[in-house]
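Chemist: Could you put together the complete structure from these sequences and hints?
2 protein chains.
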Amino acid sequence: MSSCLDTRPSSGAPTTGEAEPTKSRIEVALAGALSRAEVGGPPLLAAAMRHAVFPGGARVRPQLCLAVARACGDPLPALSDAAASAIELIHCASLVHDDLPCFDDAALRRGRPSVHRAYGEPLAVLVGDGLIVLAFETLTRGGAEAPARLIPLLTTLCRATGAPSGLVAGQAWESEPSAELQRYHRAKTGGLFTAATVSGALAAGQDGDRWRALGDRLGAAYQVADDLLDVVGKPEELGKPVRRDATLARPSAVAELGLRGALDRLRSLLAEAVESIPACPGEDQLRDLVLRQAARLVPEGLAQTAA
Amino acid sequence: MSSCLDTRPSSGAPTTGEAEPTKSRIEVALAGALSRAEVGGPPLLAAAMRHAVFPGGARVRPQLCLAVARACGDPLPALSDAAASAIELIHCASLVHDDLPCFDDAALRRGRPSVHRAYGEPLAVLVGDGLIVLAFETLTRGGAEAPARLIPLLTTLCRATGAPSGLVAGQAWESEPSAELQRYHRAKTGGLFTAATVSGALAAGQDGDRWRALGDRLGAAYQVADDLLDVVGKPEELGKPVRRDATLARPSAVAELGLRGALDRLRSLLAEAVESIPACPGEDQLRDLVLRQAARLVPEGLAQTAA
Numbered sequence: 001m002s003s004c005l006d007t008r009p010s011s012g013a014p015t016t017g018e019a020e021p022t023k024s025r026i027e028v029a030l031a032g033a034l035s036r037a038e039v040g041g042p043p044l045l046a047a048a049m050r051h052a053v054f055p056g057g058a059r060v061r062p063q064l065c066l067a068v069a070r071a072c073g074d075p076l077p078a079l080s081d082a083a084a085s086a087i088e089l090i091h092c093a094s095l096v097h098d099d100l101p102c103f104d105d106a107a108l109r110r111g112r113p114s115v116h117r118a119y120g121e122p123l124a125v126l127v128g129d130g131l132i133v134l135a136f137e138t139l140t141r142g143g144a145e146a147p148a149r150l151i152p153l154l155t156t157l158c159r160a161t162g163a164p165s166g167l168v169a170g171q172a173w174e175s176e177p178s179a180e181l182q183r184y185h186r187a188k189t190g191g192l193f194t195a196a197t198v199s200g201a202l203a204a205g206q207d208g209d210r211w212r213a214l215g216d217r218l219g220a221a222y223q224v225a226d227d228l229l230d231v232v233g234k235p236e237e238l239g240k241p242v243r244r245d246a247t248l249a250r251p252s253a254v255a256e257l258g259l260r261g262a263l264d265r266l267r268s269l270l271a272e273a274v275e276s277i278p279a280c281p282g283e284d285q286l287r288d289l290v291l292r293q294a295a296r297l298v299p300e301g302l303a304q305t306a307a
Numbered sequence: 001m002s003s004c005l006d007t008r009p010s011s012g013a014p015t016t017g018e019a020e021p022t023k024s025r026i027e028v029a030l031a032g033a034l035s036r037a038e039v040g041g042p043p044l045l046a047a048a049m050r051h052a053v054f055p056g057g058a059r060v061r062p063q064l065c066l067a068v069a070r071a072c073g074d075p076l077p078a079l080s081d082a083a084a085s086a087i088e089l090i091h092c093a094s095l096v097h098d099d100l101p102c103f104d105d106a107a108l109r110r111g112r113p114s115v116h117r118a119y120g121e122p123l124a125v126l127v128g129d130g131l132i133v134l135a136f137e138t139l140t141r142g143g144a145e146a147p148a149r150l151i152p153l154l155t156t157l158c159r160a161t162g163a164p165s166g167l168v169a170g171q172a173w174e175s176e177p178s179a180e181l182q183r184y185h186r187a188k189t190g191g192l193f194t195a196a197t198v199s200g201a202l203a204a205g206q207d208g209d210r211w212r213a214l215g216d217r218l219g220a221a222y223q224v225a226d227d228l229l230d231v232v233g234k235p236e237e238l239g240k241p242v243r244r245d246a247t248l249a250r251p252s253a254v255a256e257l258g259l260r261g262a263l264d265r266l267r268s269l270l271a272e273a274v275e276s277i278p279a280c281p282g283e284d285q286l287r288d289l290v291l292r293q294a295a296r297l298v299p300e301g302l303a304q305t306a307a
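Read top to bottom, the protein sequences are chains A and B. Residues 1 to 307 in my numbering are what the first sequence spells out, letter by letter. Residues 1 to 307 in my numbering are what the second sequence spells out, letter by letter.
Take the hints with a grain of salt, since some may be wrong.
Claimed, not checked - Selected chain A positions facing chain B (Cβ under 8 Å, derived; list incomplete):
hint, residue
1, F103
2, P164
3, V168
4, C280
Stated by the list, open to error - Computed, partial: chain B to chain A, Cβ under 8 Å:
hint, residue
5, I151
6, A172
7, Q285
8, L302
9, Q304
10, T305
Hint data in this document are derived by calculation from the structure and do not stem from the laboratory. Beta carbons: idealized from backbone N, C-alpha and C, even for Gly.
Modeler: This is the structure:
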């Protein structure tokens, strides 16, 4: 489940006008969640959990969640902050467990030692477990004043995370003798992107299902971009090794479609994503934001390749 | 976090009149939860998750949860079933992760191969993650019709499971240079027992805090009994090796208080537990049940030792 895009140090985050305040909302919300998990607990666990969450990558999923909430009016910002943080905490948990020796055995993450390299394997297992629980605790806390909205938000987070079709299942497809690429990718990456758009809408009191397609297409695009970066990216820019898919014989859009085919697929997914944005008060602004993020997903060396 | 008592194969379950229907309620609820996690997902993950949950041990925590709910009238049995199942799923998840090579490296659990021995380490990590998520999903589903009760139930489960003071924190104290025995035990074992009594009451619409002492004392008693069994138990009866605390230099009541001191502590904790039962419609029946369970906690070879 490792992601090249996610491993960029935080300087790789977008610097557009809207994204920055959103990013600081996310950092504040995550810092609050982590600090509540620390008081009186084992200090090394607390330090290792912080190591897993800060400094973050581009915070793409929580930013997407807040962008959708904002496009829908964002009437309960504490709830959308909680939803966005919960999604990011699950994402961070998955990176810690994916880096473990029994999976990717990754020494580096976001240009720093992975959690198990810095704190040992036992604490890395516990950090992942603790962050999953913290995600549910954060969401529950944020939804305490709006219990009717909390239930679909929790259901969305569970489905995106667990079995049979969330992140955990996506990673588990790697242990099966064969896995269909789309199902694998949808569970592995798509789940949290879909949860991000659906949750942003739910937190704002809107119908989450109308926002499913946007998250689904962006998640798929993100995964294809990740597969491309694994082939054409440079380790010093990514903060971790490349060519991992081939080395670990993992399903990859490049292996299945070739470089050109994967690039075509990325472009059509991004077009479908933009097309799918439902009518809402902040529709135009959200479209601009998605288009700008989309431009970043095409690896630099391939940006000139004709569509 | 491994527990000798939990490793007894399910034949070790109580056979008293009331416990059996309760046990079958729990098995049905757990089977329903597991089956919802399987449809269309990776088959090996599904099989490994089942291996972790069935056949169970004595199901002590969910039985305690249902016993309290019943003593309080149990007006929403679907919700108390969900709360009891969620607690057991968290417990099973913790056993799978505790058995991993980086912790206890246990080959056996409940007399059968541990999950990582049967399905490999990657799937064992994912089974633990998946069961944690399934616990929250199960509780959320059970609370869909009673959102006001769901929020304190979720908060209770999170606190008992995560950091700073739940199961995850309890296990993480083992990675600290020093840990105070009581804090370690309270987080390691006490958390889920307290969650069991508090959740049983909450699911029945009662004040959960009044039931905290019962779970707290029973959890502490259970941990002391576990420490005693690790010293005086027989591996063939427990389904796993003994003398693990000494081998792994883990905090233990026997190491701290001696055999006789630990036995005294067990007995006084059990007396405090019975004493703490709040006034409720099913008070007498619950007291009988706790006394019968308590009798089982004193290891056979020590039962005749004078109090």
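Chemist: Could you run down the list of hints and mark each one as holding or not?
Modeler: Okay, the hints, checked on the actual structure:
Of the supplied interface hints, the one on F103 of chain A holds, with its beta-carbon coming within about 6 Å of a beta-carbon of chain B, less than 8 Å. Against a cut-off of 8 Å between C-beta atoms, the interface hint on P164 of chain A holds, since the closest Cβ of chain B lies about 3 Å away. Evaluation of the V168 of chain A hint against chain B yields a held restraint, the C-beta minimum of about 4 Å falling below 8 Å. This hint is violated: C280 of chain A has a C-beta 26 Å from the nearest C-beta of chain B, more than the 8 Å allowed.
Nearest Cβ of chain A to the Cβ of I151 of chain B: about 6 Å, under the 8 Å cut. The hint holds. At about 4 Å, the closest approach between the beta carbon of A172 of chain B and any beta carbon in chain A falls short of 8 Å, and the interface hint on this residue holds. Checking Q285 of chain B against chain A by beta carbon gives a least distance of about 33 Å; that is not within 8 Å, so the hint is violated. This hint is violated: L302 of chain B has a C-beta 32 Å from the nearest C-beta of chain A, more than the 8 Å allowed.
With a cut of 8 Å, the hint placing Q304 of chain B at the interface with chain A is violated, because the nearest CB-to-CB distance is about 39 Å. A least Cβ separation of about 35 Å between T305 of chain B and chain A goes past the 8 Å threshold, and the interface hint is therefore violated.
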